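Please build the complex by placing chain X on the supplied structure of chain Y, with the hints as guidance.
Protein chains in written order, with our numbering: chain Y, 116 to 547; chain X, 3 to 405.
Think of the hints as simulated: they come from the structure by calculation, not from any bench.
Note that this is a predicted model, so its numbers are computed, not measured.
We put the CB at the ideal spot given by N, CA and C, even for glycine.
Errors might be hidden in some of the hints.
[Stated by the list, open to error] Looking from chain Y toward chain X, a few residues come up when the C-beta cut is under 8 Å (computed):
#1 Phe322
#2 Val324
#3 Ile327
#4 Leu336
#5 Ala347
#6 Phe470
#7 Gly505
#8 Gly509
#9 Gln513
#10 Gln516
#11 Ile521
#12 Leu524
#13 Leu527
This is what each chain is made of:
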Amino acid sequence: MQQTLSQPQTTVTASTRGNVTRARIAGALGVIIAIGLIAVVVSRVDPGKVSTLTIPQPGGQIGQPLARIPLPTVPTVIVIQTLLGLAGIYIAIRQPLRWIVLYVSALIGLAFFTILLWAVAGSSVDLVDVLARVVRLATPITLGALAGLICERSGVVNIGIEGTMLFSACIGYIAAILTGYTWLGVAAAMLTGSVVSALHAVLSVNFKVDQIISGTVINLLAVGTTGYLRGAFIVPYEQRSGAEIVAQALGRQQIPGLWRIPILGPVLFSHPPITYLMLILVFVVNLMLFRTVWGLRTRAVGEQPKAADTVGINVNRLRFWNVVGSGLISGLAGAWFSLESTFRFDDVMTNGRGFIALAAMIFGKWTPLGAFGGALLFSSADALQIKIQGFNFGLPRQFLQMLPYIVTLIVLAGIIGRARPPAAVGKPYEKG
Amino acid sequence: MAVPINAPLAPRRSWAISLVRGALVPLLAIVIALVIGAVIIWFSAPANRGTRLEVVLAAYRGLFMGALGSRGAIANTLVEATPYILAGLAVAFAFKCGLFNIGAEGQLFMGALGSVTVGFAVTGLPMIIHLPLALLAGALAGGLWGAIPGYLRAKTGAHEVITTIMLNFIAFRLMDYLIVSGPLRDPTASLQRTPFIQASAALPRFIGPVESPGLTGGQTYRPLIVTSDPAWNLRLHLGFLIALLAVWFIWWLLNRTTTGFEIRTVGANPEAARYAGMSITKNFVLAMFVSGALAGLAGTGQALGLERNIKSLFSSGYGFDSIAIALLAKSNPIAIIPASIFWGALNNGKGMMQAQAGISSDLIRIVQALAIIFVAADQIVRWIFRLRQSESDRMIFSRGWGK
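Next up, chain Y with everything else stripped away, as it sits in the complex (with noise of 0.2 Å):
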C-alpha cells in the first residue's frame, strides 16, 4: 500500500524494534507456509498429474477456449513456493518495511493459487470465472468497508454494519416481492440501511452510548426483527403467491464493447449492476474523502474534533449525517445478498460479512483503495472455497469455509503493521 500524505497521521509511532519483528514474523510464517504447502502437495498429489486453467472465449460462447495452460501440478507448486520461501528468508533477514504488506499479500494470493492447482491436479477449472467470482464476492465486503470507513474517519465506530446490511437485505427483498420492482427493493434496502445507521447515529452521537455498545445493539435487533419477517410475513407470503412473485434477481449487464476483451472482459465488465456501483464508489469515496470540502472536515472531525470545532465545523452534525448517509452505502451491501446474488431472503444470511469488512477496512489504513485490496484478499479465499467444493481432495471442505476467516485473523493480528485509526474514533464529542 502507498503511502499517501491523505494518511490520517504520517509520524511514525510503532518503535522500531516492533517493526523488525513484524518483518521477521512475516518471514517466518511465509517459510512455514511454503514448506507446509510443499510437503503436503508432494505426498498427496500423483507427480504425473497436471493442472489445466482454462481461459474461455469472451462473449461466453460454449466450445473451445481461447487457451488452456497445462500446468504439472507437484513442479509448480514446488517452484511458486520455494520463492515465496526464499523471498520470505530475504524479508526477515533484511527487513524490507515497505515490502511487508506486499509480501503478506502475495503469501496468501499465491497460498490460495497453490489450493487450487491441489484441487484440480488431473482435471481443468476456468481461471477467468475465478476472477470474476472474487470481484463480485468482494463487493458486499468492500461496499460495508466503505460505509465503515466513511463512519470511522468521521470519528464514530460502526460495528453495527453487519446488522445494517441484514436489515437492508430482508426488508429489500420485501419491497422487491411486493411491488415486483427488484430496483424498487434496492432503493427500499438503501433507505432501510440510512433508517437503521441513524438509529446508530441517534445513539452514539447524540446520547453518547458507547458505540460499540450501540453497534451490538444494532447487530442484536437485526438478526430478531428479520427472522419475526421472515417468519410471519416472508414465508407465508412465498407460499400463498409462489407462481405470482415477478421480480428477480438483478441480472448481468455487460458493458458494451468493453466486456469482449479477453480476460479482462468477463473480470470487470461483466457484472451484475451493484457490482459496477462497488467499483464506481470506490474511486467516488476516494476522491470525496481526499479532494472535496467534505472530505477535509470529514477527517478533521475524526482527527481533532475540538480544532475542527474551533473553526467552525458542527461536529456532531457531521458526524450524525455521516454515519446516514453511510448507511445508503451499507443498505446496498445488504440488497446485493438478497437481490442480486440471488433472489431470496435466508436467517442471518449476512454470515459475518459485515465484520470482515471492517477488517478489511483496518487493512488498508482506512483508505478507499486499500479496503478494496482487502476485500479482494478476503473475496479470493471466498471464491477459492466455492469453487473447489466439486472438487474431491484431501482437505474437508469446512476447512476450506475457515480460510476467510482465518485470513481476517492473520491481518488483523498486525502482520501487516500495527494499523492506526483516526485519533479521535470512538469518542463521543462534548462541547466545552
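Relative to the frame of chain Y, chain X by itself:
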C-alpha cells in the same frame, strides 16, 4: 476514555437504595420493551383469534403461563437460564477488564466439545473423578479459545470484537467437521452426532425417573433423587448449581482478591494500571481466559446436563444473548442471575404464547432486542421518565480500535 465502573471511591449508599436505583432503569427498559411488543402484537394480530386486545392479553398470558405457570415450567425456565448465567457472566467479566467478548458462542462450542470428548472417550473412571475432569476439559477448551483474542489484543492491538467473531466462525466450522465427517462422529448413529457420554461424566438431574437407556445410546443416567412420579420429572440439572457457584466465585474474585483489583484497574484505566506496574498483557489474557472458561462451562452444562452428546448445529444465539444479559445486569455478577432467569422465562414462555395467541415466537427476539436498546441507551429511559443520572450509573465499557 473509560470511566471506572463501580469506582472504589464512589460514596457509599445504603444497599437498599443502590439496589433500587441500579435496578430501576433495566426494569423500566423491560416495561417499555413489553409495551412496544404489545403494540406489535396489536397490529399483527391474526383475525380469527378475537379482538386485538384479546390477542394481546392472550399472548402475554400464554408467555407468563409458559414460563412460570407450573412446576415443570419453572424448572424449564431455570434450565433455560443456566447457560445464560454462565455466558452472561463471561461477557460481564471481560467488560470489567475493558474487553468486549462477543465470542461467547465459539467458546461455548469449544467447551462443549472438550467436555463431551472427555465424557465419552475416557472410560472406567468413577463419577467423582470423571465428572470434574469433563467439566475442567470444557472450561479449559473455552478458556484457551478465549485467551487467543486476549493475547492478540494485548500484543498486536487486533480488536477483540472482530477476532472473537472470526473465532466463532472458525469454531463453528471446526465443530461441523469434527461431528459431521471427522473423528468425533459416532459411527453407529445415523444422526450426525458424537457418541453419548459415559454415565459417570453426566451432570445428573436433581429429581426424576432414571432416563431410559433406549434413548441414550445404552447409557443409564440417574438423577440425584429417583422418583417415578411424572409430576416430578424435571429437566433441572446440577449445572444450575454450578452456574450459581460460578457467580459467587466471580464476585469474590473481582471484589476480594488482588487479581480482581488488577483486572478492574486495567479495565478502568490501562495507562494508570501500567504506571502502577500492572501487566496489561497478563491481565488481558487472564480476563479473556476466565471469560472463555465461563462460556466454555455454559457449553459444558448444556452438553453434560441436557444433550449428553453434541449434534451438529448444537447451539445458536447464546453468544449474542449473553451480551444482552451482561448489559441488562450492568455487568454486576449478582444481577446476572435475575437477568438470566428473565431471559430464560421469555424463551421458555414464547412457545405457549405462539400456541395460545397465534403470534410468531420470533416476536420475543424483538422484545429482547428492544430491552437491550433501552438498557444500553439508558439516557432514553431517563428522558422518558424524567430520571436524574448519577455518575456511578454511567456504564462505559469498551474502547476504540487503537489502544
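request  = List in ascending order the numbers of the hints, as given earlier, that are violated by the structure.
outcome  = 7, 8
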